[in-house]
Amino acid sequence: MAINWFKYSAPTTFYGLAGKLIPWFGVSAAILAAIALYIGFYVAPTDAIQGEFYRIIFIHVPASILSMFLYLIMAGYAALGLIFKTRLSSMMATAIAPTGALFAFISLWTGALWGKPMWGAWWMWDARLTSELILLFLYLGFIALHASIDDPRRADRAAALLAIVGSVNVPIIYFSVKWWNTLHQGSTIKFSGTSMHVAMQQAMFTMLVACWLYAIAVALMRVRSIILERERNTTWISELPEVKL
Amino acid sequence: MKKSSLLDLLVLVIRRDLVLAMRRRADVLTTLIFFVMVVSLFPLGVGPEMAMLRKMAAGVLWVAALLSSMLSLGRLFSADYLDGTLEQMMLAPQSLSMLVLGKMVAHWMVSGLPLVLMAPVLGLQFDMSVEALGVLILGLLLGSPVLSMIGAIGAALTLGLRGGGVLLSLLVLPLTIPVLIFGTGAVEAISSGLDITSHLSFLGALLLLALVFTPWVTAQALRISME
Numbered sequence: 149m150a151i152n153w154f155k156y157s158a159p160t161t162f163y164g165l166a167g168k169l170i171p172w173f174g175v176s177a178a179i180l181a182a183i184a185l186y187i188g189f190y191v192a193p194t195d196a197i198q199g200e201f202y203r204i205i206f207i208h209v210p211a212s213i214l215s216m217f218l219y220l221i222m223a224g225y226a227a228l229g230l231i232f233k234t235r236l237s238s239m240m241a242t243a244i245a246p247t248g249a250l251f252a253f254i255s256l257w258t259g260a261l262w263g264k265p266m267w268g269a270w271w272m273w274d275a276r277l278t279s280e281l282i283l284l285f286l287y288l289g290f291i292a293l294h295a296s297i298d299d300p301r302r303a304d305r306a307a308a309l310l311a312i313v314g315s316v317n318v319p320i321i322y323f324s325v326k327w328w329n330t331l332h333q334g335s336t337i338k339f340s341g342t343s344m345h346v347a348m349q350q351a352m353f354t355m356l357v358a359c360w361l362y363a364i365a366v367a368l369m370r371v372r373s374i375i376l377e378r379e380r381n382t383t384w385i386s387e388l389p390e391v392k393l
Numbered sequence: 053m054k055k056s057s058l059l060d061l062l063v064l065v066i067r068r069d070l071v072l073a074m075r076r077r078a079d080v081l082t083t084l085i086f087f088v089m090v091v092s093l094f095p096l097g098v099g100p101e102m103a104m105l106r107k108m109a110a111g112v113l114w115v116a117a118l119l120s121s122m123l124s125l126g127r128l129f130s131a132d133y134l135d136g137t138l139e140q141m142m143l144a145p146q147s148l149s150m151l152v153l154g155k156m157v158a159h160w161m162v163s164g165l166p167l168v169l170m171a172p173v174l175g176l177q178f179d180m181s182v183e184a185l186g187v188l189i190l191g192l193l194l195g196s197p198v199l200s201m202i203g204a205i206g207a208a209l210t211l212g213l214r215g216g217g218v219l220l221s222l223l224v225l226p227l228t229i230p231v232l233i234f235g236t237g238a239v240e241a242i243s244s245g246l247d248i249t250s251h252l253s254f255l256g257a258l259l260l261l262a263l264v265f266t267p268w269v270t271a272q273a274l275r276i277s278m279e
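Quick mapping for you: the protein sequence lines, in order, are chains A and P.
Residues 149 to 393 (my numbering) make up the first sequence, in order.
Residues 53 to 279 (my numbering) make up the second sequence, in order.
Rather than coming from a laboratory, the hints here were simulated on the basis of the structure.
Possibly wrong hints are sitting among the right ones.
[As the list claims (entries may be wrong)] Just a few of them, taken from the derived set where beta-carbon distance is under 7 Å, the chain P residues facing chain A:
1. L105
2. G212
3. L213
4. G217
5. L223
6. L227
Ideal Cβ placement from N, Cα and C applies to all residues, glycine included.
Please build the complete structure, drawing on both the sequences and the hints.
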């Protein structure tokens with residue numbers, strides 16, 4: 149039996165598939181987030197060193213992980229779109245960018261909230277914080293470049309090139325910032341060496357999965373809007389029941 | 053194509069861009085004046101204590117160099133784009149990457165090199181020591197071409213866009229952070245009696261990487277922008 153792997157790489161077919169998938173991802177994200185919050189606030193014990201403040205990591209760590217992975221995924225989709233000229237890949241890259249920027253922002257924000265009681269300062273020029281901030285700048289650059297080019301094809305390709313250049317630069321930036329930091333201040337505050345409690349791990353991983361599902365659901369919703377916007381002059385769009393109304 | 057003809061092409065493009073720049077000397081001078089002004093504003097902003105100024109001199113000079121190089125990047129391709137020369141260059145049978153490299157080198161000679169030559173004078177205003185000045189110049193010599201080359205990618209991507217200048221800075225500045233870190237790091241190291249070779253080696257490595265990849269990437273960006 150020959151399976152047509154590329155069936156859903158066309159916006160026409162993917163639009164319907166995405167519509168069917170969104171509720172599944174959205175609902176499971178909400179359920180898992182609720183479970184994670186319950187474990188995080190009621191089951192997980194108070195940390196011996198950090199007290200109650202540590203509980204912010206249940207959202208902080210997943211947001212940081214997602215902000216980094218989403219950049220790579222976005223760059224991957226952008227590269228696919230640039231190399232194979234597949235429209236849907238570029239649309240996916242565009243759809244992922246705001247979610248990635250959002251997670252980078254959440255990561256910085258929650259990091260600041262955690263830093264105030266723990267370090268006594270809202271902001272430290274710590275290597276991780278600084279590279280997260282630079283990552284946010286890279287996202288904003290991608291979004292800004294895409295937004296300022298009117299022709300969607302050129303916008304896709306220009307932004308794709310920027311995303312690729314950015315992803316090549318990310319490791320260089322990360323290591324240089326890390327090194328810069330160790331030069332300036334001898335000791336940085338690190339997590340205590342004690343292993344994490346099981347309930348803490350559960351809360352964090354559940355929240356991580358919830359964030360992934362949320363990101364997928366939102367990216368799919370956004371890509372549906374982009375498809376509608378870009379293909380608005382085609383007949384299949386005008387025959388959609390939600391457009392006909 | 054023979055090797056010598058590629059070099060000829062490079063020299064030709066550099067000479068052409070330099071002649072064009074010399075015909076519009078005001079552009080070159082404004083970048084330099086901007087650099088001097090930004091650097092001179094810092095003592096006014098943070099106070100005249102020499103100990104503090106000496107400590108922050110390298111950072112101030114590097115950031116000012118970064119900002120002034122952003123200022124002149126918009127002109128890298130725009131004049132050729134507006135009068136159609138760029139289109140002819142892309143139609144030419146010669147390698148577009150090589151043409152782009154020539155333009156980058158010329159741009160650096162016009163906007164980067166004057167800053168490097170001006171930096172010691174400004175460094176003296178900040179009471180930098182002679183060794184620190186030497187390292188600063190060496191770092192700028194290695195680092196400022198990288199700024200021109202990374203900037204060229206941004207300039208090619210934002211060619212002919214509304215509000216290209218601000219957008220260009222937004223795209224390029226995050227990518228230039230490693231250059232800034234190693235450039236200022238070298239000066240910091242010599243001031244505290246540490247070894248500077250690692251910093252300068254990193255700057256050299258960045259320069260080589262940029263030299264290999266950025267002309268090609270910029271050529272691709274130009275193709276995207278011009279189609």
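Quick one, is the P/G212 hint okay against chain A at 7 Å, beta carbons? Nearest chain A Cβ about 10 Å off; hint violated.
Is the interface hint for P/L223 satisfied, with its Cβ closer than 7 Å to some Cβ of chain A? Holds - the Cβ of P/L223 comes within 7 Å of chain A, reaching about 5 Å at its closest.
Mind checking the CB of P/L105 against every CB in chain A and telling me if the closest is under 7 Å? violated, 18 Å
Evaluation of the interface hint that places P/L227 against chain A, nearest CB under 7 Å: holds, 5 Å
Does the CB of P/G217 sit less than 7 Å away from some CB of chain A? violated, 12 Å
Hint validity - P/L213 Cβ closer than 7 Å to any chain A Cβ: Hint holds; P/L213 Cβ to chain A Cβ min 5 Å, cut 7 Å.
Consistency with the previously given hints fails for numbers 1, 2 and 4, ordered from lowest to highest.
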